[in-house]
Structures are given as C-alpha cells and as structure tokens.
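Q: Sequence:
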Amino acid sequence: MKRLIERRFIEWKNSVNRKPLLIYGARQIGKTYSMIAFGKEYYTNTVYCNFESTSDLHVIFERDLDPERIVRAISTMYNTQITKGGTLIIFDEIQACERALTSLKYFQEQANDYHIVAAGSLLGLAVNRGHYSFPVGKVDMITMYPLSFEEFLLATDNEKLISLIKKAYSEFSPFALHEKAMDLYRTYLIVGGYPAAVQTYLDTSDFNAVRAEQSMISNAYIADMAKYATPSDMLKSIEVYNSLFAQLSKENTKFQYSVIGSKARARDYETALAWLKSANVVLRCQRVTDGKYPLALYEDQNSFKIYYSDVGLLTMRMSIAPNAILQPYNLSDKARGMMAENYVAEQLTANGFSLHYWTSGNTAEIDFVIQQNACSIPVEVKSSDNVKAKSLQTYVKNYAPNYSIRVSAKNFGYDNGIKSIPLYAIFCLHPDET
Numbered sequence: 001m002k003r004l005i006e007r008r009f010i011e012w013k014n015s016v017n018r019k020p021l022l023i024y025g026a027r028q029i030g031k032t033y034s035m036i037a038f039g040k041e042y043y044t045n046t047v048y049c050n051f052e053s054t055s056d057l058h059v060i061f062e063r064d065l066d067p068e069r070i071v072r073a074i075s076t077m078y079n080t081q082i083t084k085g086g087t088l089i090i091f092d093e094i095q096a097c098e099r100a101l102t103s104l105k106y107f108q109e110q111a112n113d114y115h116i117v118a119a120g121s122l123l124g125l126a127v128n129r130g131h132y133s134f135p136v137g138k139v140d141m142i143t144m145y146p147l148s149f150e151e152f153l154l155a156t157d158n159e160k161l162i163s164l165i166k167k168a169y170s171e172f173s174p175f176a177l178h179e180k181a182m183d184l185y186r187t188y189l190i191v192g193g194y195p196a197a198v199q200t201y202l203d204t205s206d207f208n209a210v211r212a213e214q215s216m217i218s219n220a221y222i223a224d225m226a227k228y229a230t231p232s233d234m235l236k237s238i239e240v241y242n243s244l245f246a247q248l249s250k251e252n253t254k255f256q257y258s259v260i261g262s263k264a265r266a267r268d269y270e271t272a273l274a275w276l277k278s279a280n281v282v283l284r285c286q287r288v289t290d291g292k293y294p295l296a297l298y299e300d301q302n303s304f305k306i307y308y309s310d311v312g313l314l315t316m317r318m319s320i321a322p323n324a325i326l327q328p329y330n331l332s333d334k335a336r337g338m339m340a341e342n343y344v345a346e347q348l349t350a351n352g353f354s355l356h357y358w359t360s361g362n363t364a365e366i367d368f369v370i371q372q373n374a375c376s377i378p379v380e381v382k383s384s385d386n387v388k389a390k391s392l393q394t395y396v397k398n399y400a401p402n403y404s405i406r407v408s409a410k411n412f413g414y415d416n417g418i419k420s421i422p423l424y425a426i427f428c429l430h431p432d433e434t
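Going by the working numbering, 347 is the number at position 347 of the sequence shown; the sequence numbering is gapless.
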C-alpha cells in the first residue's frame with residue numbers, strides 16, 4: 001500500500017543535514033510497514049529492532065550510549081552487517097526503551113553517517129509526561145496519519161484520477177469525472193484511512209467487515225487508555241473519547257465539558273484531552289478571535305473543537321448504513337455536515353495545516369482558517385451543492401483575504417474571489433501554495 005510519506009523519507013535520506021528520524025503517529029496507521037518498505041526499496045539491507053517485543057535489545061543500551069558499540073552489538077544480535085549509508089536501522093516502539101531514545105542524540109553528534117529511523121505509537125504521551133530525556137534538536141521529526149483521500153485513491157488504483165483532479169484544480173475548470181470522484185469520496189467516508197480497514201475493503205468490498213475492523217481499532221484505543229494513561233486520567237480519557245460523537249452532533253460543535261457530564265469541568269479533563277491529542281487519537285481545532293496573520297497570535301485557548309483523527313471511525317460511530325452514505329440525499333444535512341467537516345479537518349492536517357476556526361459572536365462562523373504564504377484564508381465547508389451562506393461574506397468584509405475557499409459537493413469554479421473546491425479535491429491544498 002503506497003504511502004506519500006515515502007517522499008519525506010527520500011528527502012530525509014538525501015539531506016546533507018540529515019539527523020536520526022523520529023516518526024510520531026497513532027497505533028495501526030502503518031508506521032512499521034512504511035519504514036520497512038522504505039528500507040527494502042532504498043537500502044542494501046534493513047535491521048529492524050522492536051523494543052516492545054525484543055527485551056534483549058534493552059540490555060545493549062544499559063552499559064553506555066557509545067554509537068559504535070551499539071551498532072556492533074545490534075549487528076551481532078541480528079547476525080547482519082551494518083554499513084554507514086547502506087543499512088537502514090529501524091528502532092520501533094522506541095518509547096519502550098528510554099535509553100534508546102536518548103542514544104539518538106549521540107548518533108547525531110558522533111555517528112551521523114548511520115541512517116536511523118525510529119517510531120513510537122505512544123511516544124508523544126511518554127515525552128509529554130516527562131518520562132524521557134528527549135534529544136532536543138538532535139532528531140528530525142515527522143507525524144504520520146491514516147491514509148489521506150489521495151492515498152486512498154492510490155490504494156484503489158485511481159492514480160490517473162489524481163492527476164486529472166490536480167489538473168482541474170490548477171485550472172479551476174469543471175471536472176468531467178466529478179460524479180465518479182464524489183462516489184469515491186463517499187466510499188472513503190465509510191472506509192476511512194486506517195490501513196487495516198482499507199485493506200479489508202480492497203480484499204472483500206464488504207462494508208460490514210470494514211466496520212468490524214474499525215470497531216477493533218476503536219476498542220484498541222480504549223484499551224491503550226486503560227493501559228497507558230495514569231490512573232487518574234484513564235477514566236477521564238475514555239469519557240472524553242466517548243463524548244466526541246455527541247460533541248460533533250451539537251448545533252454548536254465547540255467542545256463543551258458539560259457534554260461529558262453535568263459536573264465535568266475544564267480543570268478536571270484538560271490532561272485527559274492532552275493525552276488523546278498526544279496519542280494522535282483526536283485532532284484539535286483552535287478558535288481564533290481575529291482573521292489576521294499569523295493566526296497563532298489570536299488563538300482563544302478556551303475555545304476549540306475536537307475531531308476524530310479518522311473519518312471512518314466517525315461514520316462507524318454514527319451507525320449509518322453504508323448505502324445511505326453512498327446515496328447521501330437520504331441523509332440529513334446535519335449528518336452530511338458532520339462527516340464533511342471531520343473529513344476536511346483530517347485532510348488539512350495530513351497536508352501540514354494547523355487547524356483553526358473563526359467565530360463572530362453568535363452570528364457568523366468559518367469552519368476553518370488556514371495559512372497559505374503568509375496569508376490567512378477562510379475555508380467554508382458545505383456537504384451539499386447548496387452553498388448559500390452569510391458567514392463567508394462577514395469574514396471577507398472584516399478581513400479582506402486574498403481569496404476565500406468553499407469546499408462542497410459542487411464542481412470546480414472561481415467566482416467573486418471564492419475558489420470552489422469539490423470535497424474530493426481538498427488534498428490539492430498545501431501551505432506553500434502560490
């Protein structure tokens with residue numbers, strides 16, 4: 001299954017300023033698969049070290065953190081030759097060995113010719129809790145996400161369609177295969193981007209089997225909360241996670257602690273929310289009080305939205321019959337809107353955007369505000385082809401952005417300073433786009 005992160009891996013491999021690479025990401029999104037596939041494709045050999053499943057590895061790091069000695073010991077353990085630049089050394093589940101994480105600092109300083117890629121599903125949690133001596137400034141870092149819609153198109157043998165969508169986007173001309181692309185978008189809403197769910201769909205075309213796989217993934221997250229969260233945060237993390245559907249179902253989708261329980265307060269659940277964010281289980285979208293650039297100056301830390309990290313988990317939780325999603329006019333506007341907004345949040349995040357939204361009292365709201373080339377651009381999301389709304393007009397009147405973006409079920413277009421982008425083409429947006 002081709003992943004676009006491979007491009008980042010190649011850039012890292014060829015960089016003159018290369019450091020050990022640390023990959024963040026939730027469980028079961030394909031980190032291990034991608035690292036091993038990269039090693040097989042671009043290196044003479046690969047040495048795979050898993051610190052959760054191989055306890056003997058820990059002993060190697062107990063004595064000292066001399067890189068050359070560590071490499072010799074790993075070479076002996078796996079009975080393979082390790083060469084500088086020719087071998088990819090993979091440290092998987094590195095959060096299970098604190099000294100292995102610390103060793104990356106010494107590899108960067110003393111033996112940077114060795115190519116090391118490390119990953120940890122719960123690494124963000126451990127680092128944020130202060131359990132680890134993090135090699136600040138000594139590693140390159142990438143966050144990996146579930147398959148984006150573009151990657152889903154690759155997985156379903158629609159590479160040619162990707163090229164045609166990008167061409168239509170660059171020209172903002174109507175796309176002849178619009179309905180086909182919309183059908184694939186709706187399929188993605190059901191399947192989502194977890195590799196196991198996508199593979200199940202490819203193997204069986206059975207949406208019930210896909211839902212069963214998604215249920216196991218969701219349950220695994222809850223099991224992680226029970227296993228890895230502190231006792232005081234465990235129950236609260238589960239309560240927050242279980243409240244996500246209700247949060248997104250509200251007319252006002254701002255995260256409200258009262259949805260968790262009538263007595264729930266921010267001070268009691270802040271750490272639990274941070275746990276979910278650090279585990280990459282959820283996406284956080286921060287409200288801004290102003291549409292000026294840079295947005296970080298105008299963040300309201302008390303107002304935010306929380307989205308599922310994968311739209312497939314949302315639609316599984318909604319318990320909507322897959323056929324109803326494939327024939328969306330049978331669905332309520334609210335249901336379609338929930339799916340579309342979560343989907344866009346996920347795709348923007350995968351493309352490197354920070355998530356923000358804007359409100360003006362109770363009269364106007366812009367779903368997302370993104371930063372492109374030192375400009376703040378409003379992004380309005382519509383789940384249908386009915387795109388009439390006053391909020392975008394209010395934002396434009398207040399801040400006069402270079403242009404606005406409307407994401408909907410309509411075809412491409414550009415009129416009155418508004419770029420109309422079909423839901424399936426959101427992957428074409430990039431932060432450095434001109």
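It is worth saying that the hints were derived from the structure and are not from the lab.
It is possible that some hints are incorrect.
[Unchecked claim] Quick list of in silico lysine-lysine cross-link-like pairs, DSS-like style, CA-CA up to 25 Å: (1) Lys-250 - Lys-166; (2) Lys-227 - Lys-254; (3) Lys-250 - Lys-263; (4) Lys-166 - Lys-2.
[To be verified] Quick list of simulated restraints, FRET-style, between CB atoms: (5) Met-141 - Ser-163: 37 to 45 Å; (6) Tyr-329 - Leu-297: 19 to 27 Å; (7) Asn-252 - Gln-199: 31 to 39 Å.
Think of the CB as a built atom: it goes at the ideal place given N, C-alpha and C, for glycine as much as any other residue.
Q: Next step is simple, just say for each hint if it's right about the structure.
A: To see whether the hints hold, each was checked on the structure:
1. Lys-250 - Lys-166: Judged against 25 Å, a Cα distance of about 34 Å means the pair is violated.
2. Lys-227 - Lys-254: With Cα atoms ~29 Å apart, Lys-227 and Lys-254 exceed 25 Å; violated.
3. Lys-250 - Lys-263: holds (19 Å)
4. Lys-166 - Lys-2: Distance of about 19 Å is within 25 Å: holds.
5. Met-141 - Ser-163: 37 to 45 Å: 31 Å Cβ-Cβ, so the 37 to 45 Å window is violated.
6. Tyr-329 - Leu-297: 19 to 27 Å: Between Tyr-329 and Leu-297, where Cβ atoms are some 42 Å apart, the hint is violated.
7. Asn-252 - Gln-199: 31 to 39 Å: Once the Cβ atoms are compared, 37 Å apart, the range 31 to 39 Å for Gln-199 and Asn-252 holds.
The structure fails to meet hints 1, 2, 5 and 6 from the earlier list, while all remaining hints are met.
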